[in-house]
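Work out the full structure, taking the sequences as your base and the hints as a guide.
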Amino acid sequence: MSIATQTQGKEGAAARVRARRQPKPYVHPYLGGLLLGLVLFAAFFITGNGLGASGGLNRYLVFVEDLIAPEHVDRTSYLLAMAGGDINPLANWVVLMTAGVFLGGMTSGWLNGRIKLETNKGPNISNRTRWFMAFLGGSFMGFGARLARGCTSGQALSGGAVLSVGSWAFMFAVFGGAYALAYTLRKFWN
Amino acid sequence: MAPFPLPLESLVGVWGAYLVYLVIGFGFGYALEISGFGHSPKLAAQFYFKDLTVLKVMFTAIVVAMVLIFLASGLGLLDYNLVWVNPTYLWPGIVGGLIMGVGFIVGGFCPGTSVVAAATAKLDGILFLLGVFFGIFVFGETVSFYEPFFNSSYFGRLTIMDWLNAPTGWVVLGVTLMALFMFWGGEHLERIFGKRDLKVEPRARRYGALALVGVAVAVLVIGQPTNADKWAKVAATRQAQLDNREVQVHPGEVLELQADRRLVVRLIDVRTEADYNLFHLEDAVNVPLAALPENVDEYLLQPGNTVFILMSNDEAAATQAWKYLVAENVPNVYILEGGVNYWLSLFAEETAPYDAALFTHGDDSLRQAFSAALGARHPAARPSPHGYAFEFTKKVKLELKRGPSGGGCG
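Chains as they are written, first to last, in this note's numbering: chain X, 1 to 190; chain U, 1001 to 1410.
Mixed in with the good hints, there may be bad ones.
[Said to hold, decoys possible] To give an idea of the interface, some chain X residues facing chain U are shown, with a C-beta separation under 10 angstroms as derived from the structure:
1) Pro29
2) Leu40
3) Ala43
4) Arg146
5) Ala148
6) Val162
7) Arg186
Source of the hints: derived by calculation from the structure; they are not laboratory data.
Each residue gets a CB set at the ideal place from its N, CA and C atoms; glycine is no exception.
Right under this line is the structure:
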């Protein structure tokens, strides 16, 4: 009896270890969307501001630029508004929000066993190609997000929920741009 | 006054407010990660119709937040005027969106999701994030070459309601139904291209869809508060300010405010165009009462150091305008004491002394005769701030701006 229990206990522990190694499946998209929608609503309801990410990244970058070349920042009008003179580019709510995104993503990944050093890609390309494409795509994203005054979070999600015309036009443009190029790039993802 | 959004900084201090944003960001990152947005092939599958998670999560989130926001606004809990609505710069937005679309299919993330991917140690996410920094850097260094385009096609705070000239309730219901239609279509695309069996999809999603439509219909039935409703909420405190003459600013103080470089003084003349053409203060803008509503959005977007001074011939029309703007939560709105008539009695050469009883009991008509429409060419339009010594009580106190402090990507 006691031996049996022990074995069971061992098996249970092994199963738990396996479970920890084995990432849990993602939640159903509609449930994920519901949670995201509640967070978005809470943001607007409590603070009057929506969600954001690229604005925070922008300010981290400008902070570093201001450390390296403060005179240059003071001469560039776009950077001046964020970090000119003794303005601290990090003294802004979106900086904290972006840090929160990182922590929240990490916590969820940790609880669900999805933190793993890996490269996710289509089956027909090498890691190096994927890394190069990721960097290239990121550059486009970063540039486009500044030109459009917001990323998928700050424009599409937030502006979409409060029914801004510009945000809806932006959202369709993002999907349009991606769909237009998807067929050409199918080898990279399929 | 609607209690939400909260005046966070005066309530919990700067660091308290930062903590709130950190927690909201945490929820955001958590929701993105559990939805699978840290996994690039899942995001890219959207564009091959195999797995429409991106569409489903995004539009569910938008519709859920939208119906709740307008429900809260309809119930008088949330002031939509204090909610940040991304100002529309149409063409930079569309071109930027197209570039981002290219970045999305090439790189497999968007900025927010790449942060989550990097947080879960995905190398492609980290490389993407570095790319984002590089793209932002390039933009900051080159924007001076295309600044006119970057600032072009500006429409201010333009909502779909303004654009379609439709009531909020119908727009909310329409967007909800459109999203549900897209989900329905999306599921069928997944069945065809992703070979997915729709029978395993949970039945609960239908009840969810029904609930969303239900809330949207409730928003339609409840409606949005009118200006009169909003005034009724603030009347108790605001009427007292009027009666105690706390917001009627002496002309001498207006001159002082205008001389203060830290402030932006907006003079808003609500009289008829005819009176305005006969005489008006320099820099005053003619906005007749009927045109006030369409200007509210623009006033709300002004920086926190803006002071609005409303004026009519006496005070009646200016007081009406004041009530309207205050109910809409425009900050720092004041009335020119005694209106244009009192102003003329102080600064024009040939006028009889002015009786203070006329401030509130005058018939709000222009009492001085002008031989020609002088507009701001009259010497009294811009008296020298140093030529007069008035005795008055200062009344302008700048309010801290409540609510939106700039876009999510500011």
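Each hint, compared with the structure:
1. Pro29: Holds - the Cβ of Pro29 of chain X comes within 10 angstroms of chain U, reaching about 4 angstroms at its closest.
2. Leu40: Since the shortest Cβ distance to chain U is 4 angstroms, the answer is holds.
3. Ala43: Given a least distance of 5 angstroms, the restraint on Ala43 of chain X holds.
4. Arg146: This interface hint holds because 4 angstroms falls under the 10 angstroms limit.
5. Ala148: For Ala148 of chain X, the interface hint holds, since the closest Cβ of chain U sits about 3 angstroms away, which is under 10 angstroms.
6. Val162: For Val162 of chain X, the interface hint holds, since the closest Cβ of chain U sits about 5 angstroms away, which is under 10 angstroms.
7. Arg186: holds (7 angstroms)
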